[in-house]
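S.K.: From first to last, the protein sequence lines are chains W and S.
Residue numbering for the first sequence follows our numbering, starting at 1 and increasing by one per position.
Residue numbering for the second sequence follows our numbering, starting at 1 and increasing by one per position.
No wet-lab data here; the hints were simulated from the structure.
Certain hints may be false.
[What the hints assert, rightly or not] Computed far set for chain W versus chain S, every beta-carbon distance over 10 angstroms:
1) Glu37
2) Asp39
3) Asn64
4) Asn76
5) Ala79
6) Val84
7) Ser125
8) His194
9) Ala286
10) Glu292
11) Ala304
12) Ala346
13) Ala352
14) Glu358
[Claimed, not checked] Quick list of in silico lysine-lysine cross-link-like pairs, DSSO-like style, CA-CA up to 30 angstroms:
15) S:Lys137 - S:Lys39
16) W:Lys373 - S:Lys57
17) S:Lys57 - W:Lys56
On a predicted model such as this, the values are computed, not experimentally measured, just so you know.
Note that beta-carbon positions come from the ideal geometry of N, C-alpha and C, so glycine has one too.
The lines below spell out each chain.
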Amino acid sequence: MENKIAAHVRDIPRSGIRDFFEIVQSMHDVISLGIGEPDFVTPWHIREAALFSLEKGRTGYTSNLGLPKLRESIANYVARKFHVQYHAPSEVLVSVGVSEAIDIALRALLNPGDEVLYHEPCYVSYNPSVTLAHGKAVSVPVHEKDNFQLRADELAKRITPKSKILLLNFPTNPTGATMPREALEPIAELCVKHDLIVLSDEIYAELTYDGAEHVSIATLPGMRERTVFLHGLSKGWAMTGFRIGYACAPAPLIEAMMKIHQYAILCAPTMTQDAAIEALDHGDAAVEHMREKYELRRNYIVSALNDMGLPCPTPRGAFYVFADIRPTGLTSREFSLRLLEEQKVAVVPGTAFGADGEGFVRCSYATSLEQIKIAMERMAKFVAALRK
Amino acid sequence: METLLRLLQQDANVSREDLARQLNLSVEEVNTRIADLEKDGVIRGYQAIVDRERFDKNTVTAFIEVRITPERGGGFDRIAERIAKFDQVVSCYLISGGYDLLVVVQGTSLREVASFVSEKLSTIESVISTATLFRLKTYKENGTLFSSETPEDRLSVSP
Numbered sequence: 001m002e003n004k005i006a007a008h009v010r011d012i013p014r015s016g017i018r019d020f021f022e023i024v025q026s027m028h029d030v031i032s033l034g035i036g037e038p039d040f041v042t043p044w045h046i047r048e049a050a051l052f053s054l055e056k057g058r059t060g061y062t063s064n065l066g067l068p069k070l071r072e073s074i075a076n077y078v079a080r081k082f083h084v085q086y087h088a089p090s091e092v093l094v095s096v097g098v099s100e101a102i103d104i105a106l107r108a109l110l111n112p113g114d115e116v117l118y119h120e121p122c123y124v125s126y127n128p129s130v131t132l133a134h135g136k137a138v139s140v141p142v143h144e145k146d147n148f149q150l151r152a153d154e155l156a157k158r159i160t161p162k163s164k165i166l167l168l169n170f171p172t173n174p175t176g177a178t179m180p181r182e183a184l185e186p187i188a189e190l191c192v193k194h195d196l197i198v199l200s201d202e203i204y205a206e207l208t209y210d211g212a213e214h215v216s217i218a219t220l221p222g223m224r225e226r227t228v229f230l231h232g233l234s235k236g237w238a239m240t241g242f243r244i245g246y247a248c249a250p251a252p253l254i255e256a257m258m259k260i261h262q263y264a265i266l267c268a269p270t271m272t273q274d275a276a277i278e279a280l281d282h283g284d285a286a287v288e289h290m291r292e293k294y295e296l297r298r299n300y301i302v303s304a305l306n307d308m309g310l311p312c313p314t315p316r317g318a319f320y321v322f323a324d325i326r327p328t329g330l331t332s333r334e335f336s337l338r339l340l341e342e343q344k345v346a347v348v349p350g351t352a353f354g355a356d357g358e359g360f361v362r363c364s365y366a367t368s369l370e371q372i373k374i375a376m377e378r379m380a381k382f383v384a385a386l387r388k
Numbered sequence: 001m002e003t004l005l006r007l008l009q010q011d012a013n014v015s016r017e018d019l020a021r022q023l024n025l026s027v028e029e030v031n032t033r034i035a036d037l038e039k040d041g042v043i044r045g046y047q048a049i050v051d052r053e054r055f056d057k058n059t060v061t062a063f064i065e066v067r068i069t070p071e072r073g074g075g076f077d078r079i080a081e082r083i084a085k086f087d088q089v090v091s092c093y094l095i096s097g098g099y100d101l102l103v104v105v106q107g108t109s110l111r112e113v114a115s116f117v118s119e120k121l122s123t124i125e126s127v128i129s130t131a132t133l134f135r136l137k138t139y140k141e142n143g144t145l146f147s148s149e150t151p152e153d154r155l156s157v158s159p
């Protein structure tokens, strides 16, 4: 049967995360800092809204673009929080998580061979999603010395006549990097100059720390008309299992994405769309409560990592620390495997997020402080033993 | 300061080292801040949250709505403080609505609570009437849910 699989699918390598997941699954008593989703259960008032939706018998399809009321809530939220105005009936599409929105945006935009630039290390799906849409993924490295921010000169070097899309994700999984306005501006200028479309995955926008303000690239001059603003409820509202994401973009692009969405997905689940309305309209306090918890855990984990001799710049977004393990002399994979075997702590090798992640491991602090404490104690023992 | 208080309210047992790490402060700074909060009377004490049914099935908690005649000059305070001083009284609040005081009483038996109400509370001169409501089950106490809802089946590694 193998020979029947489409070549571009067959050639996609196995996910480094899946690989590691299977090893962890086979072991007992592992403390995992390898989890890329909130440990909080969805705030009760949001779950209650989903129950109410079921109670009322709202079990049918919705409009392909999503419930009109939800699109209204999305447009209001995006205007209120990110200061970009979208016309709810024609410029907003509700998707099954941001992942689907990225997929249909790429498929709506790419002709075979078009190039998509993205910064690496990055979320695992970007590169394969481009390949699946018959595009060519072109990675732009980001570096620790720049706090893992995307640099305009690194980007400029890789722009060709075939470049069509720039895929951004700030705050970033796995590095926790954020892009302040002054860092985004030269990137935006390049996009205007080279007529690039930007797919901006801002799923971690609510989770920024030390008072860092999240700036959407869509707010910069000349960018709204070339940006697909992508966001969802998974991270900020702890709603991963609800599978609600959304795309905001100029109407012709939303229309094109809708063509794919309507045939592949039809619509996002109705009861979770109802819950999303509650989350966006009344969820600010719950989000802030969780954000503060993440910030306190981040402080704890960064201080503990520094104490054990694995220095890391303090990340200002998402819920990950990309710890520099080069002082140990091990590769990311060796470090992660030995830490797992010797101390039963799971972290994800940086290389799972692209070759440029070598020398780093991703530690997620989307887990309770009690677990983080034990994990840090064990990790300190591991690192100390390596030094002997 | 607010965050420190919130952390202590969630878990007063947390070590000063852990507080310091979370708040990006030194242990000395945390100690000073807590000492100030105690000195200023913002922090009134530290207690365990106890699920009483787990160790004593007969334990009784009653919520007593009390109507009283306010006094000239003192208002409700003197009587309220007099009631609050009884050991049986766990909490005592001045409230709005049809009653004046909400008094939470704890005892080891129904009889004990009943005699406290009839002999001590009702006999106070300014008390006009009482209504006693017995607790049947506790679902949440001081922000702590008594049923856990942490799902056990989280993926151990995910992107």
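S.K.: A separate judgement is required for each hint: does it hold in the structure or not?
M.R.: Taking the hints in turn, this is what the structure says about them:
1. Glu37: Given that some Cβ of chain S is not farther than 10 angstroms from that of Glu37 of chain W, nearest at about 6 angstroms, it is violated.
2. Asp39: violated, 7 angstroms
3. Asn64: holds, 28 angstroms
4. Asn76: holds, 29 angstroms
5. Ala79: holds, 29 angstroms
6. Val84: holds, 27 angstroms
7. Ser125: violated, 7 angstroms
8. His194: For His194 of chain W, whose nearest Cβ neighbour in chain S is about 30 angstroms away, the distance exceeds 10 angstroms, so it holds.
9. Ala286: holds, 14 angstroms
10. Glu292: violated, 7 angstroms
11. Ala304: Violated, since 7 angstroms does not exceed 10 angstroms.
12. Ala346: violated, 6 angstroms
13. Ala352: violated, 8 angstroms
14. Glu358: holds, 18 angstroms
15. S:Lys137 - S:Lys39: This hinted pair is violated, its Cα atoms lying about 36 angstroms apart.
16. W:Lys373 - S:Lys57: Cα-Cα ~36 angstroms, so violated.
17. S:Lys57 - W:Lys56: violated, 40 angstroms
Checked against the numbered hints above, the structure breaks hints 1, 2, 7, 10, 11, 12, 13, 15, 16, 17 and satisfies the rest.
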